[in-house]
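Chains as they are written, first to last, in numbering that gives the first Met the number 0: chain F, 0 to 256; chain S, 0 to 175; chain H, 0 to 418.
Wrong hints could be hidden among the right ones.
To be verified - Computed Cβ-Cβ distance ranges for the label pairs, DEER-style:
#: 1; chain 1: F; residue 1: 30; chain 2: H; residue 2: 215; range: 55 to 61 Å
#: 2; chain 1: F; residue 1: 99; chain 2: S; residue 2: 125; range: 19 to 25 Å
#: 3; chain 1: H; residue 1: 188; chain 2: F; residue 2: 176; range: 57 to 63 Å
#: 4; chain 1: S; residue 1: 49; chain 2: H; residue 2: 356; range: 45 to 51 Å
#: 5; chain 1: F; residue 1: 49; chain 2: H; residue 2: 27; range: 35 to 41 Å
#: 6; chain 1: H; residue 1: 28; chain 2: S; residue 2: 32; range: 44 to 50 Å
#: 7; chain 1: F; residue 1: 170; chain 2: H; residue 2: 182; range: 33 to 39 Å
#: 8; chain 1: H; residue 1: 214; chain 2: F; residue 2: 30; range: 54 to 60 Å
Stated by the list, open to error - Footprint (simulated), chain S over chain H, 3 or more residues, beta carbon under 8 Å:
#: 9; stretch: 15-27
#: 10; stretch: 121-128
What the hints contain is simulated information worked out from the structure, not anything from laboratory work. Virtual Cβ for every residue (Gly too), placed ideally from N, Cα, C.
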Amino acid sequence: MMGCLQKLILFLLTFLVTVPVATTARSAESIPFPSQEWSFNGPFGTFNRGELQRGFQVYKEVCATCHSLNFISFRNLTDLGFNENEIKAIAAEFQVEDGPNNEGEMFERAAIPSDMWPAPYPNDNAARASNNGALPPDLSLMVDARAGGADYLYALLSGYHEIPQGKEVGEGMYYNAYYPGNQIAMPSPLVDDGVEYVDGTRATLVQQARDVTAFLAWATEPNMEQRKRMGVMVIIFLLVMTVLFYYSKKKIWSDVH
Amino acid sequence: MADSNDQPTRRDFIHVASVSAAALGAACIAWPLIDQLNPAADTLALSTTEFDVSGVQEGMSVSVVWRGKPVFVRHRTKAEIEEAAAAELSDLPDPQTDADRAPRPEILVLLGVCTHLGCVPLGQKATDPKGEWGGWFCPCHGSHYDTSGRIRKGPAPTNLVIPPYKYISDNVIKIG
Amino acid sequence: MSGPKLTNPVVRWIDHRLPVFTFLHHEMHEYPTPKNLNYWWNFGSLAGITLVIMIVTGIILSMHYTAHVDHAFQSVERIMRDVNYGWLIRYIHANGASFFFIVVYIHIFRGLYYGSYKAPRELLWMLGVVILLLMMATAFMGYVLPWGQMSFWGATVITNLFSAIPLVGESIVTLLWGGFSVDNPTLNRFFSLHYLLPFVIVGVVVLHIIALHRFGSNNPLGIDVRGDQDTISFHPYYTVKDMFGLSVFLTIMAAVVFFLPNSMGHPDNYIPANPMVTPAHIVPEWYFLPFYAILRAVPDKLLGVLAMFAAIAVLFVLPWLDRSPVRSASFRPIYKIMFWVFLLDCVALTYLGAMPAEGIYVVLSRLCTVYYFFHFIVLLPALSIFETPRSLPRSIGKPVLGGGNGIPAPAPAAAREKP
Numbered sequence: 000m001m002g003c004l005q006k007l008i009l010f011l012l013t014f015l016v017t018v019p020v021a022t023t024a025r026s027a028e029s030i031p032f033p034s035q036e037w038s039f040n041g042p043f044g045t046f047n048r049g050e051l052q053r054g055f056q057v058y059k060e061v062c063a064t065c066h067s068l069n070f071i072s073f074r075n076l077t078d079l080g081f082n083e084n085e086i087k088a089i090a091a092e093f094q095v096e097d098g099p100n101n102e103g104e105m106f107e108r109a110a111i112p113s114d115m116w117p118a119p120y121p122n123d124n125a126a127r128a129s130n131n132g133a134l135p136p137d138l139s140l141m142v143d144a145r146a147g148g149a150d151y152l153y154a155l156l157s158g159y160h161e162i163p164q165g166k167e168v169g170e171g172m173y174y175n176a177y178y179p180g181n182q183i184a185m186p187s188p189l190v191d192d193g194v195e196y197v198d199g200t201r202a203t204l205v206q207q208a209r210d211v212t213a214f215l216a217w218a219t220e221p222n223m224e225q226r227k228r229m230g231v232m233v234i235i236f237l238l239v240m241t242v243l244f245y246y247s248k249k250k251i252w253s254d255v256h
Numbered sequence: 000m001a002d003s004n005d006q007p008t009r010r011d012f013i014h015v016a017s018v019s020a021a022a023l024g025a026a027c028i029a030w031p032l033i034d035q036l037n038p039a040a041d042t043l044a045l046s047t048t049e050f051d052v053s054g055v056q057e058g059m060s061v062s063v064v065w066r067g068k069p070v071f072v073r074h075r076t077k078a079e080i081e082e083a084a085a086a087e088l089s090d091l092p093d094p095q096t097d098a099d100r101a102p103r104p105e106i107l108v109l110l111g112v113c114t115h116l117g118c119v120p121l122g123q124k125a126t127d128p129k130g131e132w133g134g135w136f137c138p139c140h141g142s143h144y145d146t147s148g149r150i151r152k153g154p155a156p157t158n159l160v161i162p163p164y165k166y167i168s169d170n171v172i173k174i175g
Numbered sequence: 000m001s002g003p004k005l006t007n008p009v010v011r012w013i014d015h016r017l018p019v020f021t022f023l024h025h026e027m028h029e030y031p032t033p034k035n036l037n038y039w040w041n042f043g044s045l046a047g048i049t050l051v052i053m054i055v056t057g058i059i060l061s062m063h064y065t066a067h068v069d070h071a072f073q074s075v076e077r078i079m080r081d082v083n084y085g086w087l088i089r090y091i092h093a094n095g096a097s098f099f100f101i102v103v104y105i106h107i108f109r110g111l112y113y114g115s116y117k118a119p120r121e122l123l124w125m126l127g128v129v130i131l132l133l134m135m136a137t138a139f140m141g142y143v144l145p146w147g148q149m150s151f152w153g154a155t156v157i158t159n160l161f162s163a164i165p166l167v168g169e170s171i172v173t174l175l176w177g178g179f180s181v182d183n184p185t186l187n188r189f190f191s192l193h194y195l196l197p198f199v200i201v202g203v204v205v206l207h208i209i210a211l212h213r214f215g216s217n218n219p220l221g222i223d224v225r226g227d228q229d230t231i232s233f234h235p236y237y238t239v240k241d242m243f244g245l246s247v248f249l250t251i252m253a254a255v256v257f258f259l260p261n262s263m264g265h266p267d268n269y270i271p272a273n274p275m276v277t278p279a280h281i282v283p284e285w286y287f288l289p290f291y292a293i294l295r296a297v298p299d300k301l302l303g304v305l306a307m308f309a310a311i312a313v314l315f316v317l318p319w320l321d322r323s324p325v326r327s328a329s330f331r332p333i334y335k336i337m338f339w340v341f342l343l344d345c346v347a348l349t350y351l352g353a354m355p356a357e358g359i360y361v362v363l364s365r366l367c368t369v370y371y372f373f374h375f376i377v378l379l380p381a382l383s384i385f386e387t388p389r390s391l392p393r394s395i396g397k398p399v400l401g402g403g404n405g406i407p408a409p410a411p412a413a414a415r416e417k418p
């Protein structure tokens with residue numbers, strides 16, 4: 000009986016190993032990138048509020064010019080540690096369209112916390128027109144939308160190395176060590192001291208890359224901390240219940256074997 | 000198939016424990032399945048509305064949307080305020096003083112939903128019928144409300160509801 | 000055994016008019032089940048419970064989902080971010096689909112190993128294959144609903160397959176799409192059918208269980224039950240064993256839902272569908288990969304489609320391909336080895352289905368596809384004729400005196416053979 004059980008567990012574990020391999024091992028063109036340590040990695044991972052706030056500053060001052068964040072609302076920023084008044088102030092910096100008014104016209108008003116983050120362009124065509132035909136993708140889900148997630152994004156943002164000897168880069172493209180094909184339409188968005196961090200941290204390129212990646216990980220899944228917290232409790236409960244039912248089963252079956 | 004112990008009953012502790020654990024688990028999983036029916040975060044974010052009353056001229060009424068329902072904001076004239084204050088409580092089916100309903104007498108804030116069966120009373124526009132007491136008139140079943148929004152005549156049982164609101168600055172109210 | 004002792008007068012009143020309590024008592028309390036079932040027999044009940052989980056989470060999701068191309072993706076993100084516990088219900092439903100297939104595939108392989116498809120259980124087996132087909136249709140349509148890149152392009156590729164049918168192929172595809180490409184009409188009808196089919200599955204599962212109870216469960220020895228000494232009542236023995244198995248299953252599923260929720264998915268489905276841009280590699284969900292590999296292995300479009308459907312069709316006729324009178328692989332030494340080779344072939348096909356259709360992968364896919372059909376069409380009938388099985392034990396239950404299962408000298412070890 001135990002032999003069967005062990006085999007069963009082994010079988011399921013094998014499955015859980017091979018299935019992710021089967022589902023991720025595909026693109027021949029993806030370039031290996033180093034893995035990073037993130038505060039939100041692992042079953043007990045949490046977001047680092049300081050990192051998220053710095054990352055938000057980088058997004059707002061650098062990325063938001065071209066990249067939308069369609070699924071984030073100003074009210075979500077309480078997760079980063081801002082209070083209600085600070086969020087109202089952040090929202091009020093932006094104008095959003097509302098209406099129609101009593102005259103039937105659409106009008107602009109200051110954003111309020113319940114509004115979504117306003118997109119930099121009214122539609123995809125306008126975005127392309129302003130970016131040499133390339134479409135800057137929305138960033139709300141970027142960490143889940145790319146194989147490698149946060150590690151890949153960090154590698155990309157810090158991967159604008161010197162073009163190696165003998166390689167050529169097309170017109171309007173830029174060399175990136177980790178982007179598939181090595182040619183990317185976006186020039187390096189980050190530069191040393193490109194922003195002045197409110198908390199005084201030295202804003203090196205790699206620091207900004209780390210912070211904005213962490214911010215994007217939060218934007219992709221704001222509920223991650225709740226998920227992992229609940230997961231720990233659920234697994235502990237289920238392990239206890241498994242043990243209880245194991246002994247219950249043994250007891251009831253003791254008169255059969 | 001003899002029992003391995005000599006208890007004729009199966010109420011062994013281990014079975015009670017495991018079944019209880021399963022029941023606890025079932026109860027714990029039931030909560031999220033029910034709570035998902037409650038308003039979501041984006042719905043809750045729209046649970047308050049802010050409004051600047053300085054845009055309402057004297058004698059005018061404006062309708063503001065709050066939680067999907069109309070809120071009447073009326074900038075009352077002196078005559079309207081005096082009429083509302085002068086009412087005898089014994090005349091009112093639902094007695095309430097005007098002072099209780101409008102802490103700042105010039106600006107009256109009411110939920111524009113008839114307390115009978117939920118229609119939106121008329122009286123916001125200058126051309127609307129306002130009923131016999133000059134407040135609001137509900138065309139569905141003929142309820143008359145006075146200049147304080149109190150029920151005077153008709154099937155509605157209670158006065159028009161004053162929604163929770165407060166002044167967050169001199170002229171801006173936050174409803175809800 | 001006699002019926003239940005119903006003491007409560009309300010219960011008796013109901014039972015007299017609609018004998019649910021007597022029925023449940025018979026099916027659960029009395030129902031004689033072989034006493035030697037091993038843990039591979041837990042997967043049927045796990046499949047049933049997973050079906051319930053999928054229906055409950057699915058109904059809840061449909062309270063918040065909008066089936067329109069302009070709103071679908073965003074409505075799913077609203078579920079993930081704003082709906083209370085929406086992220087949990089979504090992750091359970093998405094990963095539950097994968098776990099449903101894991102459980103059902105194990106359940107099927109159990110059937111293959113122990114000959115559960117053989118007489119008199121042929122119809123039970125065929126109903127099971129119908130359930131598998133319905134599950135595949137349901138899962139395919141369900142994956143389209145979030146309207147991500149893989150949703151859209153997977154739908155495009157698979158619906159386009161029907162154009163391979165001669166003469167009427169294009170018309171059928173237009174009919175399926177409700178237009179000239181996968182678009183809003185397609186999404187809407189997929190939502191409707193995705194909601195419907197699980198209840199059809201419930202109906203077929205009921206038939207499946209009725210067919211099962213007609214002759215009772217098979218068992219690891221593959222020999223018939225001869226009397227009461229071979230069986231025990233389903234309750235409490237198998238109810239508690241199923242609860243234990245369920246606890247293990249839920250623990251593993253919780254580990255995935257809470258800590259690896261996107262491990263079995265594809266990142267491209269977090270990109271909203273774009274009919275103008277095709278992803279670099281269109282890959283179906285993992286549980287379709289073996290069939291996808293078979294489809295691509297055949298160079299001809301129509302033959303590839305036929306091969307893919309034939310891979311399942313061949314399961315229907317399995318009871319007539321494998322005519323060995325011995326059920327359990329425990330007593331079929333050659334078949335036992337071929338079973339593991341076949342399993343390896345299926346795992347290989349799964350892996351190959353995810354690989355680009357280039358180079359060595361093409362060759363291997365073709366080899367594995369040929370072997371898949373060779374196993375069913377050539378090997379099994381041949382083994383039915385040529386294999387010499389081991390001697391079967393006389394009975395399931397041990398005799399009261401002496402050890403072993405009462406087998407005479409020739410092959411005592413065979414009786415205790417465990418897989």
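Going down the list of hints, with the structure as the test:
no. : hint                      : result
1   : 30/F / 215/H: 55 to 61 Å  : holds (58 Å)
2   : 99/F / 125/S: 19 to 25 Å  : holds (22 Å)
3   : 188/H / 176/F: 57 to 63 Å : violated (46 Å)
4   : 49/S / 356/H: 45 to 51 Å  : violated (59 Å)
5   : 49/F / 27/H: 35 to 41 Å   : violated (58 Å)
6   : 28/H / 32/S: 44 to 50 Å   : violated (30 Å)
7   : 170/F / 182/H: 33 to 39 Å : holds (35 Å)
8   : 214/H / 30/F: 54 to 60 Å  : holds (58 Å)
9   : 15-27                     : violated (count 0)
10  : 121-128                   : violated (count 0)
Against the hints set out earlier in the document, violations occur for numbers 3, 4, 5, 6, 9, 10.
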